[in-house]
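Visitor: Protein sequences appear in the order of chains A and B. Going by full-length UniProt numbering, the residue at position 279 of the first sequence is 279; the numbering climbs one at a time, nothing skipped. Going by full-length UniProt numbering, the residue at position 362 of the second sequence is 362; the numbering climbs one at a time, nothing skipped.
You may find that some hints are simply not true.
Label-pair distances were calculated between CB atoms; the ranges are [stated by the list, open to error]:
#, chain 1, residue 1, chain 2, residue 2, range
1, B, Arg74, A, Arg334, 48 to 56 Å
2, B, Pro204, A, Arg353, 50 to 58 Å
3, B, Glu95, A, Glu66, 41 to 49 Å
4, A, Lys219, B, Gly16, 25 to 33 Å
5, B, Arg116, A, Leu307, 29 to 37 Å
6, B, Asp198, A, Thr53, 30 to 38 Å
7, A, Pro273, B, Leu194, 35 to 43 Å
Calculated Cβ distances over 10 Å to all of chain B for the following chain A residues [as the list claims (entries may be wrong)]:
#, residue
8, Glu21
9, Leu63
10, Ser241
11, Leu270
12, Phe329
13, Arg348
Just so you know, the hints here were simulated from the structure itself, not pulled from any lab data. Every residue gets a Cβ at the ideal spot worked out from N, C-alpha and C, and that includes glycine.
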Amino acid sequence: MVRPAVAPDLVHRMAAVVGAEHCISDPADLLVYECDGLTHGRTTPALVVLPATTDEVARVVKLASEAGLPIVPRGAGTGLSGGARPVPGCVVVGLSRMTRVLGVDLENGTIRVEPGVINLDVSRTVQAGGYYYAPDPSSQGVCTVGGNVAENSGGAHCLKYGFTVNHVLAARVVLDGGEVVDLGGPALDPPGYDLLAVLVGSEGMLGIATEVTLRLLRKPEATRTFFATFPSTDEAGAAVSGIIAAGILPAAIEMMDRLAIAAARAATGLDWPDVGAALLMDADGATAEVEHVSRRAVEIARAAGALEIRIPRDEAERQLMWKGRKCAFAAMGRISPNYLVEDGVIPRSEIARVLRDIGRLAEEAGLRVANVFHAGDGNLHPLVLYDARAPGEEERAAALGREILRLCVRYGGSITGEHGVGAEKAAAMADMFGPDDLETMARVRWGFDPRGRFNPGKVFPTPRLCGERPGPYQPHPLELAGQAERW
Amino acid sequence: MVALGREGTPADAILGVVPREVVEPATLDEAAEVLAACARDGRAVAFVGGGTELELGAPPRRLDVLLRTARLARVVEHAPADQIAVVEAGLPLGELQRRLRPHRQRLALDPPLAERATVGGVVAANAYGPRRHRFGAARDLVVGMSFVRADGVLAKGGGKVVKNVAGFDVPRLLVGSLGTLALIGTVTFRLHPLPEADRTVLVPMLDAGGLRALAAALGQAQLEPSAAAALLTGDGFQLALRFEGFPPGVAEQAQRLFALCERLGHGVEPLEEEGARAFWARHNAARSGGALRARLTFPRTGLEPAERLALRPLLASLGGAAAAIYPTLGVAFASGEPADPGAAARAVTEARAALAAAGGSLVVGAAPAEVRARVDPWGPPPPGLSLMRRVKAQLDPEERLAPGRFVGGI
Numbered sequence: 001m002v003r004p005a006v007a008p009d010l011v012h013r014m015a016a017v018v019g020a021e022h023c024i025s026d027p028a029d030l031l032v033y034e035c036d037g038l039t040h041g042r043t044t045p046a047l048v049v050l051p052a053t054t055d056e057v058a059r060v061v062k063l064a065s066e067a068g069l070p071i072v073p074r075g076a077g078t079g080l081s082g083g084a085r086p087v088p089g090c091v092v093v094g095l096s097r098m099t100r101v102l103g104v105d106l107e108n109g110t111i112r113v114e115p116g117v118i119n120l121d122v123s124r125t126v127q128a129g130g131y132y133y134a135p136d137p138s139s140q141g142v143c144t145v146g147g148n149v150a151e152n153s154g155g156a157h158c159l160k161y162g163f164t165v166n167h168v169l170a171a172r173v174v175l176d177g178g179e180v181v182d183l184g185g186p187a188l189d190p191p192g193y194d195l196l197a198v199l200v201g202s203e204g205m206l207g208i209a210t211e212v213t214l215r216l217l218r219k220p221e222a223t224r225t226f227f228a229t230f231p232s233t234d235e236a237g238a239a240v241s242g243i244i245a246a247g248i249l250p251a252a253i254e255m256m257d258r259l260a261i262a263a264a265r266a267a268t269g270l271d272w273p274d275v276g277a278a279l280l281m282d283a284d285g286a287t288a289e290v291e292h293v294s295r296r297a298v299e300i301a302r303a304a305g306a307l308e309i310r311i312p313r314d315e316a317e318r319q320l321m322w323k324g325r326k327c328a329f330a331a332m333g334r335i336s337p338n339y340l341v342e343d344g345v346i347p348r349s350e351i352a353r354v355l356r357d358i359g360r361l362a363e364e365a366g367l368r369v370a371n372v373f374h375a376g377d378g379n380l381h382p383l384v385l386y387d388a389r390a391p392g393e394e395e396r397a398a399a400l401g402r403e404i405l406r407l408c409v410r411y412g413g414s415i416t417g418e419h420g421v422g423a424e425k426a427a428a429m430a431d432m433f434g435p436d437d438l439e440t441m442a443r444v445r446w447g448f449d450p451r452g453r454f455n456p457g458k459v460f461p462t463p464r465l466c467g468e469r470p471g472p473y474q475p476h477p478l479e480l481a482g483q484a485e486r487w
Numbered sequence: 001m002v003a004l005g006r007e008g009t010p011a012d013a014i015l016g017v018v019p020r021e022v023v024e025p026a027t028l029d030e031a032a033e034v035l036a037a038c039a040r041d042g043r044a045v046a047f048v049g050g051g052t053e054l055e056l057g058a059p060p061r062r063l064d065v066l067l068r069t070a071r072l073a074r075v076v077e078h079a080p081a082d083q084i085a086v087v088e089a090g091l092p093l094g095e096l097q098r099r100l101r102p103h104r105q106r107l108a109l110d111p112p113l114a115e116r117a118t119v120g121g122v123v124a125a126n127a128y129g130p131r132r133h134r135f136g137a138a139r140d141l142v143v144g145m146s147f148v149r150a151d152g153v154l155a156k157g158g159g160k161v162v163k164n165v166a167g168f169d170v171p172r173l174l175v176g177s178l179g180t181l182a183l184i185g186t187v188t189f190r191l192h193p194l195p196e197a198d199r200t201v202l203v204p205m206l207d208a209g210g211l212r213a214l215a216a217a218l219g220q221a222q223l224e225p226s227a228a229a230a231l232l233t234g235d236g237f238q239l240a241l242r243f244e245g246f247p248p249g250v251a252e253q254a255q256r257l258f259a260l261c262e263r264l265g266h267g268v269e270p271l272e273e274e275g276a277r278a279f280w281a282r283h284n285a286a287r288s289g290g291a292l293r294a295r296l297t298f299p300r301t302g303l304e305p306a307e308r309l310a311l312r313p314l315l316a317s318l319g320g321a322a323a324a325i326y327p328t329l330g331v332a333f334a335s336g337e338p339a340d341p342g343a344a345a346r347a348v349t350e351a352r353a354a355l356a357a358a359g360g361s362l363v364v365g366a367a368p369a370e371v372r373a374r375v376d377p378w379g380p381p382p383p384g385l386s387l388m389r390r391v392k393a394q395l396d397p398e399e400r401l402a403p404g405r406f407v408g409g410i
């Protein structure tokens with residue numbers, strides 16, 4: 001594939017805005033930006049620019065607009081749906097240099113940050129004052145606030161505390177042509193349409209947020225955690241339903257199946273037993289309420305058939321339990337050479353049935369599927385294990401992943417709970433939405449970005465652009481030529 | 001042009017504008033047919049649910065057809081185990097709550113006039129009550145929607161599961177859009193369990209400074225009320241804090257509030273069921289009464305200047321004035337009878353200026369025509385107005401949905 005060239009003049013003008021060292025056009029350097037956390041499917045951008053201020057972003061966007069080039073915004077590139085994957089001939093606008101905390105206002109419970117600030121650093125900045133930022137994607141140590149806004153990121157604790165959209169109070173946004181607009185504000189409900197609500201989760205297709213005001217929460221007074229094991233996911237699913245039916249809103253309730261437990265054990269050395277399923281639950285809030293709730297949840301888990309209940313003795317043991325859960329994806333490497341991460345949502349009451357269906361589909365495909373997921377809100381993360389060296393297995397894994405998503409839709413769920421549609425699931429959108437639904441979303445996009453400048457080829461099941469290839473990762477020509485490695 | 005329904009009467013008017021005809025579709029498909037017919041003939045349409053927020057916004061520039069959602073009142077689906085309900089827009093909120101109660105669930109939205117207000121209207125007007133403190137507003141509780149566009153196309157967004165990031169969030173965009181982008185057809189709500197215990201505690205006498213300080217102290221003391229609302233009483237305020245949850249937690253929280261108030265030197269009064277009901281009824285009356293109603297917003301630390309420079313002068317221009325403040329949210333509601341329309345309009349304008357200085361706003365929720373003639377109900381154009389117009393132009397290019405009702409003449 002021939003890489004579309006950018007006019008040297010444009011490179012110079014971009015460099016004049018951001019500084020030559022922050023304007024990347026060397027083919028070898030561009031490789032870093034070929035993909036995000038979804039490493040199968042890569043496209044080399046024409047140019048990468050790393051602006052440092054809103055004004056620089058606006059000028060960069062204006063230059064790209066005038067040159068008629070597509071713009072692909074990028075945070076830390078940790079997304080798992082190819083949302084930051086370049087399109088041929090595009091300018092990648094990387095926000096990694098915009099890492100300033102612009103203001104902390106604990107009395108109003110807000111913080112104003114640039115988009116390149118790491119999610120966890122928001123909480124670190126305010127923890128001494130007893131505050132934290134609630135949305136906690138598993139990648140929170142590396143992912144950025146800007147990326148969280150684009151993806152409407154969730155995490156284990158969004159069952160109780162909500163997603164990014166529930167915590168963004170204002171944003172400064174650069175639109176096509178370089179226009180800058182402020183959405184939201186320091187007080188509730190500024191008059192007008194809630195454009196901020198549609199910006200969050202728009203996957204970089206409406207504009208680039210260059211400043212974001214986030215809501216901070218007071219750290220809960222008490223947290224109670226327990227780990228429970230079960231013979232199978234049926235009993236664990238029944239325990240989740242029972243806990244919710246009792247009127248309990250856990251801060252988080254996570255489920256792992258046998259394979260996931262085994263992987264976590266292998267990765268962390270935790271002494272988790274070889275059982276069919278496990279739950280890890282956090283309750284948090286005021287002490288008496290939390291103790292009551294936690295006690296009741298344990299009783300419900302026992303009644304549902306729990307084999308063993310473990311309550312961490314101290315915070316260190318609690319952290320270790322959570323580490324076991326949070327490392328589960330990475331732990332798959334211990335039990336399988338390759339794996340695909342899926343992200344689908346089902347009604348919580350259907351967990352046991354859907355897991356059985358997934359098991360049946362896996363068996364038919366001759367593959368193993370590990371399940372580790374946010375059970376409280378039915379957000380599944382099936383991990384399809386495969387060996388890329390075995391002929392045809394990767395294709396079978398990808399097909400199984402798609403089949404699992406269709407299953408989620410059939411049960412009344414969604415094709416993505418937190419990873420986003422991106423490039424990966426654009427085709428699957430048609431399983432969930434009809435042409436009129438998609439056209440309405442597209443109209444909203446045209447309202448913001450009439451020429452489709454920002455992040456084209458994502459979310460909407462449009463005909464693929466030349467150079468984009470559906471399906472699993474294909475080696476890049478440079479890799480085949482031995483000039484580059486996959487990292 | 002074929003008549004779509006009965007002839008409009010003054011009882012059907014929106015802020016004095018009488019529609020030429022009124023339709024009450026029985027199904028969403030019928031509603032879509034009505035809108036498609038309006039699109040063919042270029043008729044302007046407005047949607048009405050229970051009519052509790054009809055005085056919000058400006059009068060429509062033109063109004064051919066009034067579409068009432070009264071017959072779109074089914075509970076399409078209630079999945080108690082998944083804590084969601086799919087309901088048609090015309091279902092009164094109070095009726096929805098009655099249907100959910102046997103399952104020990106509720107929709108955690110508590111605007112006043114719940115018996116009349118329909119869920120579609122509540123969502124379209126972004127109406128809310130004091131429980132917003134814990135549960136958020138409509139935007140936080142809507143997980144999906146079906147809607148009919150201006151061109152008569154029935155479409156949907158979101159889904160039936162709480163966690164879902166597939167596609168652009170059109171439902172959240174429709175929240176608070178006052179029927180200017182589409183007809184809300186069905187709404188899928190996230191539900192919450194009914195609490196086992198519900199207790200209201202009254203702090204009977206606070207000035208604005210005390211109110212702000214106590215609201216801040218709640219957070220510091222890690223008290224977690226589900227609602228905090230203060231009512232104007234003469235020179236000061238009575239603050240009610242509602243604790244909901246399991247009995248041991250509620251009892252502990254109330255005890256700790258007593259201790260906190262003692263430390264701060266405030267009297268405190270636990271309310272029995274009857275007293276609590278009476279307080280919340282007074283709150284609802286303060287929110288829904290009066291010929292002039294206004295909603296003032298401000299950063300919560302700016303409560304004192306908002307009270308002194310905006311709320312008090314506005315109340316002074318009203319007879320029988322009442323006010324409710326949600327101190328943890330930074331919202332105040334004022335209501336009363338404007339004796340002198342000019343003075344009331346001036347008070348609104350001056351209050352706006354004072355609030356705007358801190359990033360807040362004032363929206364007129366109701367006002368007599370003489371006051372409306374002098375002030376825009378929404379205030380000065382917001383910064384994103386041109387973008388709002390572009391989004392509107394995409395969804396209603398002929399400006400036929402409640403034209404002129406919304407911000408900036410949208």
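Visitor: Against which earlier hints does the structure fall short, listed by number upward?
Guide: 3, 4, 5, 6, 10, 13
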